[in-house]
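Going down the list, the sequences are from chains H and U. The first sequence begins at 1 in UniProt numbering and counts up by one. The second sequence begins at 1 in UniProt numbering and counts up by one.
Quick caveat, the hints were computed from the structure, so don't treat them as lab data. Computed from a predicted model, the values in this text were never measured in an experiment. One thing to keep in mind: the hints can contain errors.
Among chain H residues calculated to face chain U with C-beta under 10 angstroms, some are [as the list claims (entries may be wrong)]:
{"id": "1", "residue": "V110"}
{"id": "2", "residue": "T129"}
{"id": "3", "residue": "D272"}
{"id": "4", "residue": "G276"}
{"id": "5", "residue": "T357"}
{"id": "6", "residue": "M415"}
{"id": "7", "residue": "E417"}
Note that beta-carbon positions come from the ideal geometry of N, C-alpha and C, so glycine has one too.
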Amino acid sequence: MQFRKVAIGVTAAAMLAGSAQAAEQFIPVAAYWTGPYAAGGSAFGDGMADYYEFLNIRDGGINGVKLTYEKCETAYKTDRIVECYEKMKNNGPTGSPFYHPFSTGGTYAVFERAEADKIPIITIGYGRTDASDGRVFPYLFPALTNYWSQSTAKIKFIGSLEGGMEKLKGLKIANVHHDSAYGKETIPVLEEQAKKYGFEFRNFPVAHPGLDQKAIWLQIARQYRPDYVILRGWGVMNPTSLKEAARVRFPANKIVGVWWSGSEEDTRPAGDAAEGYYAAGYHGAGTDYPVIQWMMEHLYSKGKGSVDQDRLGTIYVNRAFAMAMVGTEAIRDAMKMVGENRPVTGPEVQAALEQLTFDKARLEKLGAVGLLPEFAMTCQDHEGGAPVRFLQWNNGAWTSASDWIETDQSIVRPMVEKSAAAYAAEKGITPRDCGA
Amino acid sequence: MIFREAGQFKSSYREDEAHLVLREERLFVLAVTLFAAVVVPAIAGEYLLRSILIPFLIFALATIGLNILVGYTGLISLGTAGFMAVGAFAAYKIATSFPWMHFGIVFVLAAVVAAVVGIAFGLPSLRIKGFYLAVTTLAAHFFIEWTLTHFGWFSNYASSGVISSPPLETFGYVIDAAWERYLLCLGFLVVMTVIAKNLVRSALGRSWMAIRDMDVAAEVIGIPILKTKLLAFAISSFYCGLAGALWAFVFLGSVEAQAFDIFRAFDVLFMVIIGGLGSIVGSYLGAGFFVILPIVITNVAGLFGGAVATDTLASLELVVFGGMIVFFLIVEPFGLARIWELAKEKLRLWPFPY
């Protein structure tokens, strides 16, 4: 008898758990807590999970639908990113609503199977640049902005430092880049801009991992003598570059880094050498935003959350919050579009992402004015045309060095469409008609 | 007792030279093959097939390839990942240049390209041995990686350098489902295993082992060192190239040099050592140990539902896995294949050991 009671109890509990689960939205969190890039990966994974947890605590999830998540370790390895994707894609009542691979190689490995599985892949600030053309890549969203757009903003920023775009004529710019696919990606767009504005640039590739740059910086400072240096680094290459630049007396305030070269993890190890260094970002730094204050109030002050308190306000953690918001707002919109507050599926989120708009009103509601720029994605444009902002490293903190700078889509968009069309031709894809 | 030899007589040389002498062994291998080919694709879920079994099969293939070089010929190589990358990129170039070509032919041609590259980098092995050879193959790895990332021609000038592989089409039918991909890999692996098993028992295989055991003596008894060593490099690279092409086309679906970094080469070398040097079955066991165990550790720890933080869990996986490698190497320095042999011995004597 005793056994039977227990059995009934267990069954009832399981049924309860089952019914409770039906109202939950599952979100996969795949990132890297180990390996050479753990400094970034741990912030991305923990920060995104913390934002979901914060929504659960403050609002009971999204429109009353509780968010559940599972963390999965990828170690920044492409095969593990695929493994995590496959493991989690059917979790929860509706499966994964979207997936962040957090690696460009991983993006390439999952996006085709994700299209078959109808799960949107969101790659904010990395991944496949030509996926900005939503007609060819319906399930791939390089939301906000991409590398090529960033490069146009960077040249505009240098122009503003010089006091006008016409002053760019005759300037010399050194492009110090990580010698990998990622590092070389902006070379074609720089070539276009050099033609347009009349500056001269030269590439200085740095071999992975980038710990030995003495010869390159000697060459830059003694021979080439550029007016500006663009630093397109990743991981340990960044602080090494800053230190070597200081050693050859190249001023840090003439170096402009990309958004993977502009975190505390890049500047702190360089010490004084980083003082005055500029870097791009697609989101703000610091904790001076209502949303982060709310998170401190509801989550961190109560000892919850997995991000270390002293990491709050750093670039990587803010980036994680920004990325999490794009996903959760897409889920919110998807619920609105299906007219029901229930867990949403991949195709529903895909439709929501294709009209996702972060306007002033939404940013205010999110408490993220200044943290995120305004942008709007469409069926055709999966990038959203977000502007880029530049930050400067001053006295051990990132401070704003510019307003939001619009990217130059007149250069980027034709290149994106050309590249996407080449992909479509290679794969025999007929681009969707977006009604444009 | 379970392996019952009584009554099994060999009445011809052919029977005496068979791969699997005992009937029980033949039945066992047949049963495993049938299970893998029929039952597994029918019952295994997509996650199991796509994320665990396909990588396992491909790594087993690469491990057999490296075992030919390290285990049978005694030439240490760290160039495995490089040769896999050659196979993957060659397959991509061939498949995009000749879209009408059947992918099976593409893979074999890509493996031939890898074999040629392997011969080129095998040349130093005639003069250098041991750790010095390991260093030259390491150089080969970096040279290949550098070449593939530096010359846009290899990736058809894709801006990001990561390229997506063409679909696997055969006679108008596209192989896409997980079980189809799994069977494709299994087919390649079975064929290549039979070839490898025969190779190492042939005159060539015996020459390899002679060189491994003492190359001067091998030369004295008339084994052509140059030809034999280069053949070992060629055949080993052929296997690795084929594995690389499968990795890119069947598993990842994208071709990138970073997927074949130096850690991949170490992984395959460790699979050979853990599995057992100079053993085909050991290659399977080593690959299984390396691919399946970390995922099992993570999933078992995951069962405790959030009790372990993800970052701790990720580190725990490395700790437990490293610990098991040390444990196995202390307990059985000849690898898992030796344990397998001992188990078979035990099965012969059971239940009356002496």
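Exercise. Which numbered conditions among the earlier hints are violated in the structure presented, ordered from lowest to highest?
Worked result: 3, 4, 5, 7
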